[in-house]
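Top line first, the protein sequences correspond to chains A and B.
Residue numbers are given in the UniProt record's numbering: position 480 of the first sequence equals residue 480, and the series is strictly consecutive.
Residue numbers are given in the UniProt record's numbering: position 290 of the second sequence equals residue 290, and the series is strictly consecutive.
In case anyone wonders, no lab produced these hints; they're calculated from the structure.
Beta carbons: idealized from backbone N, C-alpha and C, even for Gly.
Hints may be right or wrong, so weigh each one.
[As the list claims (entries may be wrong)] If you only want the chain A side, here are some residues facing chain B, beta carbon under 10 Å, derived: (1) Glu-465; (2) Leu-475; (3) Ala-487; (4) Leu-489; (5) Ser-490; (6) Ala-496; (7) Arg-518.
[Claimed, not checked] Label pairs and their computed distance ranges (CB to CB): (8) Gly-298/B x Thr-271/A: 26 to 34 Å; (9) Val-65/B x Ser-450/A: 23 to 31 Å; (10) Asp-139/A x His-196/B: 43 to 51 Å; (11) Asp-331/B x Ala-323/A: 56 to 64 Å; (12) Gly-439/A x Ser-330/B: 38 to 46 Å; (13) Ala-3/A x His-196/B: 36 to 44 Å; (14) Gly-298/B x Asp-491/A: 56 to 64 Å; (15) Val-447/A x Val-65/B: 25 to 33 Å; (16) Asp-331/B x Thr-375/A: 56 to 64 Å.
[To be verified] If you want the ones that stay clear, here's a sample from chain B, every Cβ over 10 Å from chain A, calculated: (17) Phe-114; (18) Leu-141; (19) Asp-180; (20) Ala-190; (21) Asp-192; (22) Gln-194; (23) Trp-199; (24) Ala-202; (25) Pro-327; (26) Glu-345.
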Amino acid sequence: MTAAAIALNRFGLGARPDQAALDRPQAWLLAQLDRYEPRPAAIAALPPTSTIAGNLSDYLEMQRQNRCQKRDENPGTMADRPQTPQRRRAAGYAPPPMSGEPMAGEAGLQDKGGIGAMAERGTAAPRDPVAQARRFARDQARSYYMGAVAARAQTALTSPSPFAERLVHFWANHFAVSVDKLVVIGLAGQLEFEAIRPHVMGKFGDMLQAVERHPAMLLYLDQAASIGPNSTGGQIAARRQNAGLNENLAREILELHTLGVRTGYGQGDVTELARALTGWTVAGLGRGAGARFVGIDGEPGSFVFAARLHEPGSRTVLGRPFAQAGEDQAAAVLDFLGTHPATARHITTKLARHFAGDDPPVALVARLETAFLKTGGDLPSLYRVLVDAPECWIAPPVKFKNPWEWSIGAMRALGLREVQPQAVTGLLTQLGQPVWRPGSPAGWDDVAASWAGPDAVMRRVEAAERMAGRISDTLDARARASQLFPAALSDTTAQAIARAESPSQGLALLLVAPESMRR
Amino acid sequence: MLNRRSFVTALGSTAILLPGLGGSMVFAKAATDRRFVFVIQRGAADGLATLAPVGDPAFASQRGVLAEDFAQATKLDSMFALHPALSNISALYASNEALFAHAVASPYRDRSHFDGQNVLETGGSAAYSVKNGWLNRMLALLPRDEAKGIAIAATVPMALRGPVEVASYAPSTLPDASDDLLTRVALLYANDPQLHAVWEQATATRMLTSDMAGGAGRNAAATGALAARLLSAPGGARIAMIESGGWDTHAQQRGRLAAQLRGLDGMVAALKQGLGPLWGNTAVLVATEFGRTVKINGTQGTDHGTGSMAMLLGGAVQGGRVVADWPGLSDAALYEGRDLRPTLELNALIGSAVAGHFGIEGPRAMAALFPESSRARVIDGLVRA
């Protein structure tokens, strides 16, 4: 690959036909660090988190009413229920919906806030109102999800700073949530737009704080349901129901978000961080006296610190004491973790892997690590090291594109500027990388072995044929190929395109050529 | 995965017209009325998970979680139990219309699918040493009017290729451009080692046609029904070959294999039903290129092995028994410390079955079908005379 091709493809998201020639590829990349738009138009036009969470809140309220009504009509079923609404209200808190079962968000959210409001909406829809409401909520969340995916794709297609957009995608995958839970479906994009994007050109620690406070993460990793056993709420809960500390977010912060797996922390550190995090929760997903008592009734979807759920006392993480009170305690632990040497190693290894190859060069990682520690995790300083690193500019391709990179690259190559939401979500699902649905908080793998499989490549070929088939026959694949890969097109690819039996077949071959599969 | 060749989904309710096999053609009445079907299991089907040696003292410990499928399975005898997904085939066994041979293998001893399938289909002793297929050479042994074979596939598979002309049938809804694109992609990747290897596998898999689990087994059942129609049409084929893929269960084997076996079971049932009284004159051979490792691997599956099992099904089969010289599953008994040790030549089973089925002398059939291992012993009595 030429330096220009590397800048466009390895660092960027693929060439566009309207891309001017890059005389100074490194300068082009560095300029993007300043030009980056945290809130581009397509994303700014989306509904805000408060609207999405407000709908979710309405839905949960409706389900509560539906279920109450069902019980009234059919009191015999009450005995089957493990927890009555009265109990929940007495406990002051009902855990939000985090059963961990795919799309099973409703399970834990029923009956929130007691029975006080049940008369407000007396008329339920015919047949099974619970199922109807669930379907409605899922459809609604799904439409938010589709809109967010389309906005992400459109930004990636049109942005004047594709290198910065790639970094957004990188960080969103580092702090992955997965839309396997109903409550996360509508909010996953918001995590990227509200917690990742504003901090991509800032400090790692600030991004960390923003992500761990975001409702999508708090709900996805069950933090919103975690209760300090010795807190006011916990004391009541302990007598009534099975509620208490949830370690999920704490563990993933240490293992995935900061230090990295097997870096010396132990179960004790996980538990201590989990205790420090108690009280970090989401407002507005519960109503009524219980929510007010606990202190979680605010604007739906906003972060709240519920002091009544916070475990009192000082905490010790990695041998260091954290005596802060309340919300500041976990924030202080995150500050500590966000600049820890193990975090520096973990983060910079992943960055190096993304730009210099599946086996990241040790020397490059060392330089990135030094920059991370010297600057306290200043991310643009790391990006400058990458742009300056000879390891990132070696001529042979170093990465096999994942389906997202390939799809965006193909659409950019075709000159598309707008996309249908269904087309993007459908394509990425077909290619094996549904957006914001990696299935685990570890995110998607960033190595070729995960993507360069026979079935995966066959699907790309099928997708390329369909995409090319929709493009007008006036687009000349031969001209487009030399435009996209100036001085970097292999003879084999040029020949295959030239010998294609139709313009659209030529485009399909261009989209699946080795030059388009790797970066 | 999507399957370019899953022709069965294209089958409508309309009658099928076969080029060259139309009703207007007249054939001499055959001396016999035998039908033979070869179902090839491409991808190395796990014989130990199909017909499990539950009476082997090492079975449970060696197979681990794979043994659990047989907790409630009905035992055929003191040693073997059939996978519970094979309910129709189990009924055939009960009515003496199913014979299983275990610890069988072709002469091939390495673990490449494509080489292994070549040996299985050509009847040679090594990959590519024989240039045409044993099923085609078998046609040459039949009276001329009976020598009609058909492949239920888009192209004629190796086993049916050779001097005797055969048909293939697979309604295709594919635009030619797609196949053309696939060919061009192969050229595009020719000089790229990684993509070349990936593409070879991708297209090879695609060539394997419909896997048995596809369409929740409906594809397989439709294939069985189609084969029955082709075999019972007046003047129709006497010999059919059915492709099946999807047996390469390296990961999450239990669920996948159960779905595959259900598909196979449904296909056999549809074949039997479609053939009607002809089923009494039919022998169906089900065989795979090699077996799978005895032990489970790290992804809840099994890897390429050696010995496997084969089936002879049909009203013409002297069934209700398992033919096996059981080698044992203890570590010491395994072939190369990992695979089921073969103790019966698959060629002997096939050659003997064909000879008995079509009334050909055993040694003559063996020499024609398996010229490089023609001294394999003939097993008498596999099919009814």
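Evaluation of the provided hints:
| no. | hint | in the structure |
| --- | --- | --- |
| 1 | Glu-465 | 6 Å, holds |
| 2 | Leu-475 | 17 Å, violated |
| 3 | Ala-487 | 18 Å, violated |
| 4 | Leu-489 | 12 Å, violated |
| 5 | Ser-490 | 8 Å, holds |
| 6 | Ala-496 | 4 Å, holds |
| 7 | Arg-518 | 9 Å, holds |
| 8 | Gly-298/B x Thr-271/A: 26 to 34 Å | 31 Å, holds |
| 9 | Val-65/B x Ser-450/A: 23 to 31 Å | 25 Å, holds |
| 10 | Asp-139/A x His-196/B: 43 to 51 Å | 45 Å, holds |
| 11 | Asp-331/B x Ala-323/A: 56 to 64 Å | 59 Å, holds |
| 12 | Gly-439/A x Ser-330/B: 38 to 46 Å | 40 Å, holds |
| 13 | Ala-3/A x His-196/B: 36 to 44 Å | 27 Å, violated |
| 14 | Gly-298/B x Asp-491/A: 56 to 64 Å | 42 Å, violated |
| 15 | Val-447/A x Val-65/B: 25 to 33 Å | 28 Å, holds |
| 16 | Asp-331/B x Thr-375/A: 56 to 64 Å | 58 Å, holds |
| 17 | Phe-114 | 13 Å, holds |
| 18 | Leu-141 | 39 Å, holds |
| 19 | Asp-180 | 7 Å, violated |
| 20 | Ala-190 | 7 Å, violated |
| 21 | Asp-192 | 5 Å, violated |
| 22 | Gln-194 | 6 Å, violated |
| 23 | Trp-199 | 6 Å, violated |
| 24 | Ala-202 | 4 Å, violated |
| 25 | Pro-327 | 34 Å, holds |
| 26 | Glu-345 | 33 Å, holds |
Hint check: violations occur at hints 2, 3, 4, 13, 14, 19, 20, 21, 22, 23, 24; the rest are consistent with the structure.
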